[in-house]
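Colleague: Here are the chains, one letter per residue:
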Amino acid sequence: MMAAGTTSMALAHPILEWIKHTPIGDWVRDSTWAFPMLQSLHFIGMTMLIGVVGIIDLRVLGVAPGLPIHPLHRFLPLAFVGFAINLTTGICFFCHDPYVYAFNLSFRLKMLLIVVAGLNALWFRLGVFIDVDKWGPGIEASRLAKVISALSIIIWFGVITAGRFIAFTPSK
Amino acid sequence: MLDNLLKALQDSTFANWVQQSAYPVVITFHSIGLATLVGLLMVIDLRVLGFARSLPLPALRKLMKVVWIGFWVNAISGSMLFCIDAKKDFYSGLFRTKLSAIALGLILGTLIKNRVLANPEPYAPGTSGTSSGAKVLATLSLLCWIGAIVSGRLLAYFTFGDVGIDE
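Respectively, the protein sequence lines represent chains A and B. So in this note's numbering, spot 138 of the first sequence is number 138, and the numbers just go up one at a time. So in this note's numbering, spot 98 of the second sequence is number 98, and the numbers just go up one at a time.
Just chain B, with the same shape it has in the complex:
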């Protein structure tokens, strides 16, 4: 049932159009969205870890709306890319690793925004102003996004780690 659905999706006129015509443009958007999403989150994470301590944490929150623009660009372009190889991707361990890393990265980013950047404690210049718990969140966030990038890149080359496919 699910397999038929995935098969129908990748055989659809839309999937065919993405593969034949839109592909270079779609992967370009996917790369620009990645640079926006992960680039800004990486800088925020490094500030939480103690880089550029004279930057006020709450002022970084405004960047999160640009982070979300990057995310939606990639959710849309990524969904289009998924259509091309729906069945292969769905059963790929790499693809599932990538999506899990993204989901966890978004949760961590939201936690950092709401708990760390919104820290009501008075901000003291010269100190990082973040707890060791906040630094753990930022470190995990960096690892998640690096994991998402690497698994996404490998997905273009390998099909290993497939789960539950019966063909």
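Just chain A, same shape as in the assembly:
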């Protein structure tokens, strides 16, 4: 943000200004190490989440057909831990400079895509999960399951892409 505009921005957005001056915001801005270490954690959380989602999607799509699908769900807690790490570190990034994120099209798109990915996973849970027990080693998943899994990979790669583009998108 331009220094000259800071005061009017602060007046126009009291909530963002409050978020910026929470202890978390101050800590991330003032520490040399906070931002790079939080980013490292954000990438580790990403691999946990994408790894688990990816292995399920790849199996549904027919890669590694010898894997029974049902036991893959044992890895889901790992995906949730990854998501929790990324939500926490993501909140820290947001507090560090709320104005950068709140008015950034890539950031908004990323948040939207995460919601869409969640709804897509819910569709898998409600739409095809009942059949998952049947998909043992060597048994092909249904066409609907394959469509949902292909969408899942595309949406998550979209989340990564939107995330990386935040730094190259003007905040206005």
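No lab work stands behind these hints: they were computed from the structure. Be aware that one or more of the hints could be misleading.
Stated by the list, open to error - Here are some of the chain A residues that sit facing chain B, going by a computed Cβ distance under 10 Å:
#	residue
1	Met-37
2	Val-53
3	Pro-65
Stated by the list, open to error - With a Cα cut of at most 27 Å, we get these calculated DSSO-like pairs of lysine-lysine:
#	chain 1	residue 1	chain 2	residue 2
4	A	Lys-146	B	Lys-62
5	B	Lys-113	B	Lys-135
6	B	Lys-62	B	Lys-135
7	B	Lys-62	B	Lys-113
8	B	Lys-135	B	Lys-65
9	B	Lys-65	B	Lys-113
10	B	Lys-7	B	Lys-87
11	B	Lys-62	A	Lys-134
12	A	Lys-146	B	Lys-65
Keep in mind that this is a model prediction, so the values were computed, not measured. Cβ atoms here follow ideal geometry from the backbone N, Cα and C, with glycine treated the same way.
With chain A fixed as given, assemble chain B onto it according to the hints.
Modeller: Same frame as chain A, but now just chain B:
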């Protein structure tokens, strides 16, 4: 001689194009490749360590070809990123740590694929089916990839740990 080569590389039209135009797309590919490569290896390592024991180990081998796709996406995108800061990166302790961790991680991944996942011993459901040696390999693999991620991230912010640069 080597320094001149590195300097020529980072001053090249190609390096300039990567920096000025391709950069956001290249780092996006680097992140997607990372998620694919490390994400799948992490799940394989955790299975070796005893998670989801009802998954047959040999069936996981098919995932290694996707792991290698992730690796090549990152080898290519990483080489492009190297061109931008060839000299700084080459002499960076962080960069050398990252490459060493990746090399070791790939060796461990190959060992796990050939020795552990291809285990000819009958697979018994309910047991992890892996030896303590296999679990050591999987633990080291996880540490290598976490090390590669952290050193890679720090590389974007710090230049400490430089070795042998005389400027």
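Colleague: Run every hint past the structure and note whether it holds.
Modeller: Here is how each hint holds up against the structure:
The beta carbon of Met-37/A is positioned within 10 Å of a beta carbon in chain B (closest approach about 8 Å), and the interface hint is therefore held. Because the smallest distance between the Cβ of Val-53/A and any Cβ of chain B comes to about 8 Å, under 10 Å, the interface hint for this residue holds. About 8 Å separates the beta-carbon of Pro-65/A from the nearest beta-carbon of chain B, less than 10 Å, and the hint is met. Distance check on the hinted pair: Lys-146/A and Lys-62/B sit about 18 Å apart at the alpha-carbon level, within 27 Å; holds.
Proximity of Lys-113/B to Lys-135/B is assessed by CA-CA distance (about 13 Å); at most 27 Å being required, the pair is judged to hold. Between the alpha carbons of Lys-62/B and Lys-135/B the distance comes to roughly 20 Å, so the proposed pair stays at or under 27 Å and holds. Restraint check for Lys-62/B and Lys-113/B: the C-alpha separation of about 10 Å stays at or below 27 Å, so the hint holds. At most 27 Å may separate the alpha-carbon atoms for a hinted pair to count; Lys-135/B and Lys-65/B meet this at roughly 22 Å.
Under the criterion of a C-alpha separation no larger than 27 Å, the hint pairing Lys-65/B with Lys-113/B is consistent with the structure, at around 11 Å. The suggested pairing of Lys-7/B with Lys-87/B holds, with an alpha-carbon distance near 6 Å, which does not exceed 27 Å. The suggested pairing of Lys-62/B with Lys-134/A holds, with an alpha-carbon distance near 21 Å, which does not exceed 27 Å. Straight-line distance between C-alpha atoms of Lys-146/A and Lys-65/B comes to about 20 Å, which keeps the hinted pair within the 27 Å bound.
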